[in-house]
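Number of protein chains: 2
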Amino acid sequence: MQDLLIKHIENTLGEPVSPEMIASLSTLSFEKSFDKKELLAETGQPCNYQYFILEGSCFSYYLNEKGYKNVIEMAIENYWITDASGYFRDTPAVSTIETLEPTRALLINKKNFDKLCCSHPLFDRYFRILLQNGMAFLHTRIAKTISEEAEARYREFSQTYPHFIQRIPQYLIASFLGIKPQSLSRIRKKVQ
Amino acid sequence: MQDLLIKHIENTLGEPVSPEMIASLSTLSFEKSFDKKELLAETGQPCNYQYFILEGSCFSYYLNEKGYKNVIEMAIENYWITDASGYFRDTPAVSTIETLEPTRALLINKKNFDKLCCSHPLFDRYFRILLQNGMAFLHTRIAKTISEEAEARYREFSQTYPHFIQRIPQYLIASFLGIKPQSLSRIRKKVQ
DNA sequence: CAAATTTATTAACATAGGTGAATGAGGATA
DNA sequence: TATCCTCATTCACCTATGTTAATAAATTTG
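Chains as they are written, first to last, in numbering that gives the first Met the number 0: chain A, 0 to 191; chain B, 0 to 191.
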């Protein structure tokens with residue numbers, strides 16, 4: 000069931016989703032379950048789906064020159080995740096997406112995504128709003144990554160995303176913040 | 000004249016722009032000239048416009064806790080620039096946008112932007128593609144900012160954006176890369 | 001053109017965060 | 001219950017980048 004997604008769309012748009020839209024969604028997307036540690040996308044491969052997490056969690060990472068994993072995004076219930084390059088631009092994925100727990104998600108492939116957006120202007124608006132919010136968020140994230148110290152970034156992150164702090168292992172949060180797990184330990188010790 | 004923008008749309012979409020679309024554009028946007036160092040958006044204020052640079056250049060920056068400027072984006076001819084939070088979400092801008100030279104730009108306000116997107120599906124697609132490319136670009140930028148050393152980031156930047164290296168002052172490029180101008184000097188000395 | 005301002009370079013020193021290694025705490029698996 | 005793993009913590013040491021300051025070069029302005 001895509002109840003969660005429908006609520007998310009209604010919350011985002013501030014208006015109800017019609018039965019026809021629900022029907023389109025049902026036709027154009029499908030649900031799938033994944034074990035812990037399954038890959039939803041893989042660096043260098045096509046990324047065919049965009050995932051809306053219904054239950055569980057996952058994260059995407061970029062492998063740097065030294066072969067270390069660097070967290071780009073984390074997603075729990077009510078979040079979309081994909082490899083933006085791979086999915087939107089039909090190029091090989093630059094990131095890998097991996098589940099952290101057994102996870103259920105709604106999947107939409109690129110063709111159906113385009114159909115969905117064409118099928119009803121509200122879908123189009125919904126996804127444009129998501130992208131716009133994403134841009135705004137990433138600008139702020141970049142700005143703070145390059146301009147604030149690790150301690151300030153951690154403080155803000157834990158205030159803004161307490162649910163992530165609870166659900167996601169610390170070494171991934173460290174990576175997301177751009178530091179090593181040892182440094183995050185040091186900071187946490189100092190902070191509390 | 001919005002010739003530059005029309006070409007940009009055609010290049011992005013891979014198909015021609017119809018006379019009606021050109022008419023919509025003319026009605027819904029306008030051209031404006033700015034002196035050097037004029038502000039196109041200001042932290043804390045509403046950001047009413049999205050700017051397509053026809054001639055000149057500008058950059059956006061975020062003021063951190065210490066009051067230092069940190070470069071988020073740089074834009075020269077054929078680039079769009081705005082404060083994503085302020086413009087798309089009608090919240091106060093988180094960044095300031097400033098011209099680096101006398102600059103001519105096409106301006107579109109939010110209402111007209113929405114009208115434009117509704118007026119023809121190709122506009123809608125064009126702007127969605129821009130947003131998608133923006134997301135892909137920012138994911139990669141974040142990933143590299145947190146995972147590669149400053150020297151590697153500078154090397155890649157100068158290879159990928161030689162035209163920026165020529166046009167934009169070094170201290171802004173340093174800031175964009177997340178380092179101080181002194182560090183960039185040191186890196187440049189080592190590199191060449 | 002001269003003065004004033006902005007930008008780039010260099011150097012000596014300081015520090016946030018990285019590195020590598022050891023230790024312990026949970027969970028999972030058998 | 002014993003054996004793995006994975007994850008978090010701590011410590012000693014290291015290094016990339018920041019800081020401050022001085023100087024030079026380039027650019028703007030009157």
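Errors might be hidden in some of the hints.
Taking CB as the label site, the calculated pair distances span [what the hints assert, rightly or not]:
#1 A:E30 to B:E54: 35 to 43 Å
#2 B:S25 to A:L3: 40 to 48 Å
#3 B:T11 to A:H119: 22 to 30 Å
#4 A:V190 to B:T11: 43 to 51 Å
#5 B:D89 to A:P180: 35 to 43 Å
#6 B:E30 to A:L129: 25 to 33 Å
#7 A:E14 to B:R185: 49 to 57 Å
Mimicking BS3-like on lysine-lysine, the simulated pairs with C-alpha atoms at most 30 Å apart in a straight line are [stated by the list, open to error]:
#8 B:K109 to A:K65
#9 A:K109 to B:K6
#10 A:K36 to B:K109
#11 B:K114 to A:K109
#12 B:K109 to A:K110
#13 A:K65 to B:K143
To be clear, the hints were calculated from the coordinates, so they are not data collected in a lab.
We treat Cβ as the ideally placed atom computed from N, Cα and C, and that holds for glycine.
Hints, one by one, checked against the model:
no.	hint	result
1	A:E30 to B:E54: 35 to 43 Å	violated, 51 Å
2	B:S25 to A:L3: 40 to 48 Å	holds, 44 Å
3	B:T11 to A:H119: 22 to 30 Å	holds, 24 Å
4	A:V190 to B:T11: 43 to 51 Å	holds, 46 Å
5	B:D89 to A:P180: 35 to 43 Å	holds, 39 Å
6	B:E30 to A:L129: 25 to 33 Å	holds, 31 Å
7	A:E14 to B:R185: 49 to 57 Å	holds, 55 Å
8	B:K109 to A:K65	violated, 44 Å
9	A:K109 to B:K6	holds, 26 Å
10	A:K36 to B:K109	violated, 43 Å
11	B:K114 to A:K109	holds, 26 Å
12	B:K109 to A:K110	holds, 29 Å
13	A:K65 to B:K143	holds, 12 Å
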